[in-house]
Structures are given as structure tokens and as C-alpha cells.
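J.: Spelled out, the chains give:
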Amino acid sequence: DAGVIQSPRHEVTEMGQEVTLRCKPISGHDYLFWYRQTMMRGLELLIYFNNNVPIDDSGMPEDRFSAKMPNASFSTLKIQPSEPRDSAVYFCASRKDRGPSEQFFGPGTRLTVL
Amino acid sequence: QQQVKQSPQSLIVQKGGISIINCAYENTAFDYFPWYQQFPGKGPALLIAIRPDVSEKKEGRFTISFNKSAKQFSLHIMDSQPGDSATYFCAASIKAAGNKLTFGGGTRVLVKP
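Each protein sequence line maps, in turn, to chains A and B. My numbering applies: residue 1 is where the first sequence begins, and numbers increase by one. My numbering applies: residue 1001 is where the second sequence begins, and numbers increase by one.
Honestly, the hints are just simulated from the structure, not real lab data. Computed from a predicted structure; not experimentally measured. Careful: at least some of the hints might be erroneous.
[Said to hold, decoys possible] The list that follows gives simulated cross-link-like pairs (lysine-lysine, BS3-like), each with its CA atoms no further than 30 Å apart:
{"#": "1", "chain 1": "B", "residue 1": "LYS1100", "chain 2": "A", "residue 2": "LYS24"}
{"#": "2", "chain 1": "B", "residue 1": "LYS1058", "chain 2": "B", "residue 2": "LYS1005"}
{"#": "3", "chain 1": "A", "residue 1": "LYS96", "chain 2": "A", "residue 2": "LYS68"}
{"#": "4", "chain 1": "B", "residue 1": "LYS1005", "chain 2": "B", "residue 2": "LYS1042"}
{"#": "5", "chain 1": "B", "residue 1": "LYS1058", "chain 2": "A", "residue 2": "LYS78"}
{"#": "6", "chain 1": "B", "residue 1": "LYS1071", "chain 2": "A", "residue 2": "LYS96"}
{"#": "7", "chain 1": "B", "residue 1": "LYS1095", "chain 2": "A", "residue 2": "LYS68"}
{"#": "8", "chain 1": "B", "residue 1": "LYS1071", "chain 2": "A", "residue 2": "LYS24"}
{"#": "9", "chain 1": "B", "residue 1": "LYS1095", "chain 2": "A", "residue 2": "LYS96"}
For reference, chain B alone in the conformation it holds in the complex (with noise of 0.2 Å):
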């Protein structure tokens, strides 16, 4: 059972222009979401995180909005650059069993200059 889904698979976004993906999970015991991104070859790095008691978080260019009624949160990467080329994942976790992070598919983003 697929608990968390993520989309688009994949996009293609103009310098400049902003990416958004989506997360959708089921289980409301989830109390952490953060976002990875993962460069070829490498591992996952977190990228940014929130939890269920704030809409909205913002570092840089790198904003969640986050809908604890609607069980969805998404990622918007402002101002995309050609190094923000990579593949971003959701995630979500519960604290209580360890915070073992539960992953979406995964979103190849590509960013042409």
C-alpha cells in the first residue's frame, strides 16, 4: 500500500520559472514531511521540512504548503535554476515509531536554461 503519492513523475521548467509538486498521503498519524533531493549518484539530502501545525514554510527558494485537511502538501521551487535540476521526494513519518521515513515516487525535475 502506497502511502504516500507524489506527482508529477516528472517536469521540465524554464530558468526561472516555478516547479510545484505534489504529495498526497493517507495516514493521519504522520506528524513530519520533509522534502529530499537527490542528485545522480548520490544520496537524498534533506532539502526542506514541516510539520502538521504550521500551512506554510519558506527557505529561500524553497517554499511547503502544507493542507492537513485535505492530507496534500507541496513543494514550490521559485525562481528554478539549471543546478536545481535533480529528483525531489516526499516524505512523511511518525516520531512515535522512529521517525522511518515513508517515501513518495519521486519527481525528476529538469530545469533548461
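Chain A on its own, in the form it takes in the complex (with noise of 0.2 Å):
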């Protein structure tokens, strides 16, 4: 298996617009996780999916941030309009429902936003 797919790995955006950050998790996973890693706050959860629909999306830290999972085998985290303060590196993970509980992170993406 390839594990979790993250891309862009890295992008750099002007404050005002729009940015998309996809993940591709592990076939057969159930879970998905978006997390965000800055040197202030570490490592944060975002928002995840269970099946496909979203359960706890109390880490979205504001209205301009979204994130949709239109099917088991890819999701998006979009910033709208992006500011400075998002820059960070963000990961998806993800893990099964039933047996181990590990959670298998991406690479990441590494966001600038100038």
C-alpha cells in the first residue's frame, strides 16, 4: 500500500486566495483525520470523518476553512480566503474502524501564505 497521500506537498499562495489541500487515505480505512503542526500550537485536530461524513469539526478554526470527503478514498481542506496565520504544515491521516487504533499520517503539506 502506498499509504496516506497528501498533495501539494508544498504551496505557497498570497493572502486573499483560495487554497486546496487533498488527501488520499489508506484503502479501507474508515477514519480520516486533518490535523494542522505550527511551532505555537503543535500539533492540532482539525476535523474527521468517519465513513465519509464529518463527526467533529471542532478545530476548524473559522468559517474560511472547510473540508468535505465526497468519498472513502479522497478529501479536501480548503482555506477561503487564506491569511498569513494558516501557514503551516497540515496532515491528513487516517485508520481503520475495527483492530488497532494507529492513525497512518501523511507526508503533509507545507503552506505559505504571504
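Could you fit the two chains together into a complex? Lean on the hints.
T.: So this is what it looks like as C-alpha cells:
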């Protein structure tokens, strides 16, 4: 298995632009998580899905952030409009519903908003 | 509210030495305590995990010690190697809440040869 796939790996954009981050979870995994990592705030859970349904979005910082999971193999995290304080590394992770509780993380997308 | 506190923020250890990282949690509903290892430019990867019904778990050179009454757990890296140089995160989750992870702040470990 290729593991969790994220794209792009790096994104540089200007303030006010729309940014879309993409994630392909491991096949057969039922849960998908979006995390944000910054020096100041560490690793924070933004939102997670179970069987493509958003379960908890309490970590989404504000209405500028939205996430979708149209099918079991694809999820997006969108920021519109982007701001410099959104600069961070965004990770996607997935895990199975049954069995070990291990979450498998993708390589992350490093977002820089100028 | 930070529910998982981790210390130290960084530590330097000589090759062959012992690295010890401590975490404390507040929510007694947590029922799964993993440690993740992260190398620069990579995503975190599970290193070892423990559930609160055991007090210790060992996998190779890595050991978790768990103290339920004190709401604390720690990671011990024995015989530290330069390849262990990474950032380590403790975390906690609740199975009934989808096992969403609450992470500690991280500890950057540098093992000097």
C-alpha cells in the first residue's frame, strides 16, 4: 500500500487566495483526520470523518476553513480566503474502524501564505 | 485548554544513554496513549502505545511507563542512538470519540554520537 497520499507537498500562495489541500487515505480505512502543525500550537486536530461523514469539526479555526470527503478515497481541506496565520504544515491521517487504533499520517502539505 | 502536557521541550543525550520524556493528562476518560515519532519533513509515525490497564509496555529499546493514579505516562529510550534523533509526541484519545488524538507539545531529542 502506498500509505496516505497528500498533495500538493508544498503550496505558496498570497493572502486572500483560495487554497485546496488534498488527501487520499489508505484503502479500507474508515476514519480520516485533518491536523495542523505549527511551532506555536503544535499538532492540532481540525476535523475528522467516519465513513465519509464529518463527525467532529470543533477544531476548525473559523468559517474560512472547510473540509469535504465526497468518497472513501478522497478528502479536501479548503481555506478561503487564506491569511498569513494559516501558514503551517497540514497533515491527513487515516485508520481502520476495527483493530489497532493506530493512525497513519501522510507526509503533510507545507502551506505558506504571503 | 491543553489536555496533555509534555516535558521537556528538548533534550540532548549521548549515544548509549537513556532519554526520558514525560507526559501528564487531565481527562480521565482517555483510554489510549500512543507515542509518535516524527523526523523532519515527515509525518508522525506510531512508535509504541499503551492502554491504562497495564503499567508498562516494552518494545525493543522503547518503554512506556504508565501511572493511572497520577495521570502520567513516560517514554524511555534505552541505549539511545543517533538515528533516534527526532521529535517525539505523546498523545491521548478516547475510543468512543473516534480515537481522535490530543497531542502533547512535543520533545525534540538529539542523540550525540
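J.: Please go over all the hints and tell whether each is borne out by the structure.
T.: Now the hints, each set against the structure:
1. Among the hinted pairs, B/LYS1100 with A/LYS24 is consistent with the structure: their alpha-carbon atoms are about 18 Å apart, no more than 30 Å.
2. Restraint check for B/LYS1058 and B/LYS1005: satisfied, since their Cα atoms lie roughly 22 Å apart, inside the 30 Å limit.
3. Distance hint between A/LYS96 and A/LYS68 is fulfilled; the C-alpha atoms sit about 19 Å from each other, no more than 30 Å.
4. With a C-alpha separation of about 23 Å, the suggested pair B/LYS1005 and B/LYS1042 falls inside the 30 Å cut-off, and the hint holds.
5. A C-alpha spacing of about 41 Å is found between B/LYS1058 and A/LYS78, which places the hinted pair above 30 Å, so the restraint is violated.
6. Taking the CA atoms of B/LYS1071 and A/LYS96, the gap is near 27 Å; set against the 30 Å cutoff, the hint holds.
7. Only pairs whose Cα atoms come within 30 Å are accepted, and B/LYS1095 paired with A/LYS68 is accepted, the gap being roughly 23 Å.
8. Between B/LYS1071 and A/LYS24, the direct Cα distance comes to roughly 36 Å. Violation of the 30 Å bound is thereby established for this hinted pair.
9. For the suggested pair B/LYS1095 and A/LYS96, the alpha carbons sit about 12 Å apart, so the restraint of at most 30 Å is met.
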